[in-house]
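Asker: Listed below, chain by chain, are the residues.
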Amino acid sequence: MKVVLQNVTKVFPSRNKKSKETVLAVDDFTFTVPDGKLVGLLGPSGCGKSTTLYMISGLQKVSGGKIFFDDDDVTDLAAEKRGVGLVFQNYALYPHLTVRQNILFPLQNLKGADKLTKDEMLDRAVKAARLVQIDELMDRKPSELSGGQQQRVAIARALVKMPRVLLLDEPLSNLDARLRLQTREEIRRIQRETGITTVFVTHDQEEAMSISDLIVVMKKGVIQQIGKPQDVYDDPVNLFVAKFLGTPPINVFDGKVENGRLFIGEDAVLDVPGVENREVFVGVRPEGFVYDPAGALSCSLTGIEVMGRDISIVSEKDGKVVRSIVNSDVTVDPSAKDVRYSLKPNKVFIFNKATEERICF
Amino acid sequence: MVDNKQQWKAWLYLSPAIILLLVFTVWPIINTVRMAFLDGYKGLEAAGGATFNFGVQNFVKVVSYNRFLSCLGNTALLCVLTVPISTLLALLIAVCLNSIKALQKPLQTIFFLPYVTNTIAIGMVFAAMFNIVGSFIGTENELISNAGIINNIITFFGGSNVNWINAGSSYTANIVVMVVYIVWNALPFKILILLGGLQSVNKQYYEAAKVDGTSRSRTFWRITVPLLSPMIAYVVITGFIGGFKEYSSIVGIFGSTMGPPNLDRRLNTMVGFIYDSLSSNNQGRASAAALILFGIILVVTLLNLYVSKKRVHY
Amino acid sequence: MKKLLVFILLAATALSLFACGKAKAAPNFTVPEGGYDGSEVTVKFYHTMGSNLSDVLDIYIEEFNKLYPNIHIAYEKIGGYDDVRNQISTELSYRTEPNMAYCYPDHVALYNLTGAVATLDNIIDSTIEVTRADGTKEILGLTEEQKNDFIKGYYEEGMQFGDGLMYTMPFSKSTEVLYYDKTFFEANGLTPPTSWDEMEALCGRIKEIDRDSIPLGYDSEANWFITMCEQYKSPYTSATGEHYLFNNDVNKAFVKRFREWYGKGWVTTQKLYGSYTSGLFTSTNGTRCYMCIGSSAGATHQRPAAGDDGSYPFEVGITSIPQVDQSNKKIISQGPSICIFKKENPQEVIASWLFLKYLITSVEFQAEFSMASGYVPVIKSVSENPTYADFISKADGGKYISALSAKVCLEQADYYYTSPAFNGSSTARDQVGALISKCLAETDVADGDAFINKAFTDAIDECEYQGG
Amino acid sequence: MSENIKVMKQKDISKVTRHAKAGGIAAKVLTYVFLVIMALIVLFPFYWMINSSLKTVDEYRMSTPTFWPQHVMWSNYSEAFRVANLGRLFLNTVIVGVISTVLSLVITVLSAFAFARLQFKGKNVLFAGLLATMMIPGELFTITNYGTVNDLGWMNTYTVLIVPFLVSVFYIYLLRQNFLQIPNELYLAAKVDGTSDIKYLWKVMIPLSLPTIISITILKMMGAWNSYIWPQLVATDDLHKLITNGLRGTAFLDEAGETNYPAQMAAVALVSLPLFLVFVFLRKYIIRGVSRSGIKG
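Chains as they are written, first to last, in my numbering: chain A, 1 to 361; chain B, 362 to 675; chain C, 676 to 1143; chain D, 1144 to 1440.
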């Protein structure tokens, strides 16, 4: 089932009663979540991603625009009627019910034609529990489980009624680092297995890129870019998207283009045919640097960090820190004062100084 | 970690409370027990130098009083009726109050009003509402000049006059009036506690329930009530403790006859019995009755604690 | 030391209780020689007076202080009569009771469990001279002439505690009178009843004339029962020996008779009606009473509201209550007396006595207090007092109704009775009141007599339980 | 689990939406109707009290009560003020109320702190004993306490009205629950930095549980307003009488022994007014205080 959002906007009255002006949380959000896909809503906190998620779930009213589940207009439909599974950031498991009772809870609400017998409910619950691998914890109370286990119970509870779409609000933010990796793989596996259309919200770009089929990068309620993680990473539409994706983050320099050649400071680092002369921002991915004594770009060396699989060279150019990642079999003379690089064209992006829009070449 | 320094400090902080308790609570309890076991102890005679011998005659006298069971019955019946009704009503009101935005403040203030006023006066107002000004009610030469506000409302809706608290009124009618008055008085405190409890419940449980399509009544019984159960248990326990000491509300409505004019003391309660003994200078008997009442309250409270241990989610 | 003193006194009274049948026991207070030594004394006085009455009291305290400057009167309004009783009975256990207080006979009986109330016999008979600030002299006790000036019934009230000793002095009294709608009576050629048979016939007649009326409203159920016992000379209670005697056939008979009246809708009482029956007597529309037996002090409340022109819808007549036997007329006497508490310092007792004597023997005070309170003076000579005589002469059924009530009270002065007082007599009074309302109101009962019998035995059990 | 059964049968979405919306509105209407009816039931006695307080004695005693006084008797209020001399009683009650609230607050805070934070032998036994005292009918305390107070010679003083009730077990319980919610680490951290108990109590615990303390203060003040039996016994002279003594029917007794009910009602209304105003303004704190304490039974 695909989820279609057409020009969805959300306006909140401002915090203090007296002032009239309102806060535009989500502005003209148009996007279609393809059927069976896992989509990540990505962006800094306060960019309206959670609000969008809650509008899809029906818990938040839409100020403008429409939401369709396949071709049903559910914009004004109440949350419980939409057949949505929602997993909250801090799980919201009923503290007084055991894991089994928590999972069974949604099934007990089904009425009319969807009503299930006791055994059917129990069977569905056990299946959901097995899916998220917590079937041996059924009789525990939420307070007796670890964060990761509670997360999985929450997912089981969301899935047990076989919703049309699964929504997760920052599912991993309350977990410790090691558990986060393991749980995001779990989510990916569960989504694959059930094939359920899923949207999840996160501010951690690594998490979004690692498991999403599609990512939507947002800023202050406005969609910046939609696409496959790798495409968005490799082809950012503006400086914000470029800076937001990738760890370690992209290096940004002030540069200028003069008759087809790109200059960073004094160094002419790249031929950029067809771009008229102007001041630009230059973004270079850390992996876009090639350690080349004869390279066009020269920086002063600060230090070297060995990370096993590759080496990170920390240098400095016109007062800005430059972090590059090169292959570990390159030997760098740590005592040297300067270091020179040549740049891989596909890892260099030029942005309009004023609009920060990407300039292709 | 229970080093001596902390022990000493703890007792120091508790000292003002303990001293006052010893003088104004513990000593009266000891004195009560003393009086209870002095047969036929009467305050004025004792002041005059009379001595009384040790024994359990007081207790025997209390239990053998022909109206003892009716006092106990009235107390228990009022408790068993008013505590659940007021708790459930307070819970419903608190939940409704918590769910609305407009008018929430004024309504909260109104519901707290009974806590603010003087029980004596309100008793008189209630009595005026239920009292029928007239004679021979229920007989063929019945003459009613005013059937009272409640009856006027009932007849307005097509019902017929009910003899609530006047001569010849039925026991059930009397009990209904008392329940209405006691519940009316008990609501504000219970609403306050439960509303406080509601506001400390995490909102996301309700959002989760909403998404799962839980009906309103199911949300109330399966989520709100269990999550509020510590508060509810507390309100029920204190409700019973207060309920067993019911007295001033009956005086408020029926005056010192503690019952309809023609049936003196029909609604007398245990504390009513204690007051009767005190005013007839039988302090020994009053103390014995008080200890019996304390015993009953203790048993009921322990029972409540046991039940709540099992049913309440902490 | 204190405990020992109290013990001796108690032993003395206990002894005296056993010693006598009717013979006078030894009083428990002896006048110190020299009587009042003029020392500074503060007299604490508990009462239930409303503010307009205590204003009258203030005037006469000033007068009294002109004679006895060193006696300071500190009075406190505690509340109603029961509040005074409860307050004093608590204070007695710790000897913090006042010097003198408003009281009813059964209150004194309760206080006497600690032997705290001073017997006044010795003081009354004492002829020791006391010189007052203005040089005039008076004997400490009462002169023969002063003693005879008291209305006999009221004076004897102080002596019915079973030992013949004088415990209280009458302060201001009221009684029960029959108020009737004179205009209605004359219009229908009816005369106020003098006997209960006449009352029965009259009620029937009135009911025929006005179907919606309740011919008679009798406010106090307890007074009704006790008065009937006195009128039939049937036992009610006794201060000594067996206390509660009212369970007998004569009493059951009249209760049965009144129950029939109630069944016919002829009579109601304050409790059964739900408020003072004077409300029925004074109402001029809807249900009303044409006769009302109530307190003589409440005369102003028995008068219908005046029209705009100051005239009254009907004239109120007042007469004595009906009697069983005209040769043995009995009418209840109510209203507060005053008792004085024995204190370690005998001068406090003497000072309190001087103040009390001043109040109850001063014709001006008794007159002014009676007119202000609607109560009746306790001494006969008040009727000669010019202002009071003028007040009485103006007596009529409207504007000066309280004067009319006072006039009737004076005329029936010789027939007052008071019931014996003992610890538990107030319980008896409450129980017989409850008995009347219970027996009258219980309608849907198969066997009336059995019901009445059981009601009587329950009342006796309750009295014995509370008293015992 | 792989097949994705469509939960929403192909019902007509708009019908379901309309139905749900109607259900929502119906629920809202039902809630408001229920609340308004209950509010009227709670308010009616007050309306009747005010209504009665403005009537003349005769109108009050009329057999068919009027729902609005025929001619409004504001004088009842001035008379009530004069007869029961509410001014003086009011002052006494405020003095007693304030002093007892302040002192009892100190005791409550110290005791709650000891119960919540400090470990000492017999703590739970003591606390259980404390709670047990709530179960004893107060009437019996009265007679014995009267003796104690009398022996101490406190009769007719403010002390007798204040001291016996300084320890209120319920408020200690309420505050202890609140203190227990403050994590113990804070106390240990403070201990490590050498802060004394008092400073920790003052600097950390009190600010954190301020809402509960405020609501205790307000509820305690109200308690002083409604106390009745004890003041009646021990403070009989006008200098120390409290409000509730002034309200009793006997204060409005006229000579024939009939109470001037309208004046009494007026007095009660006058007495309830300050408490009502206190609540109206501090309502938020009272509720927050109680909820913050999170009574966990």
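It is possible that some hints are incorrect.
[To be verified] Simulated DEER-style distance windows between Cβ atoms:
no. : chain 1 : residue 1 : chain 2 : residue 2 : range
1   : B       : Val394    : D       : Leu1425   : 37 to 43 Å
2   : D       : His1214   : A       : Lys61     : 51 to 57 Å
3   : A       : Gln108    : D       : Val1172   : 24 to 30 Å
4   : A       : Asn90     : B       : Lys671    : 49 to 55 Å
The set of hints was computed from the structure by calculation and includes no laboratory data. Backbone N, C-alpha and C fix where the C-beta goes; we use that ideal spot for every residue, glycine too.
Asker: Going through the numbered hints above, which ones does this structure break? Give me the numbers in ascending order.
Answerer: Hint check: 4 fails alone, others pass.
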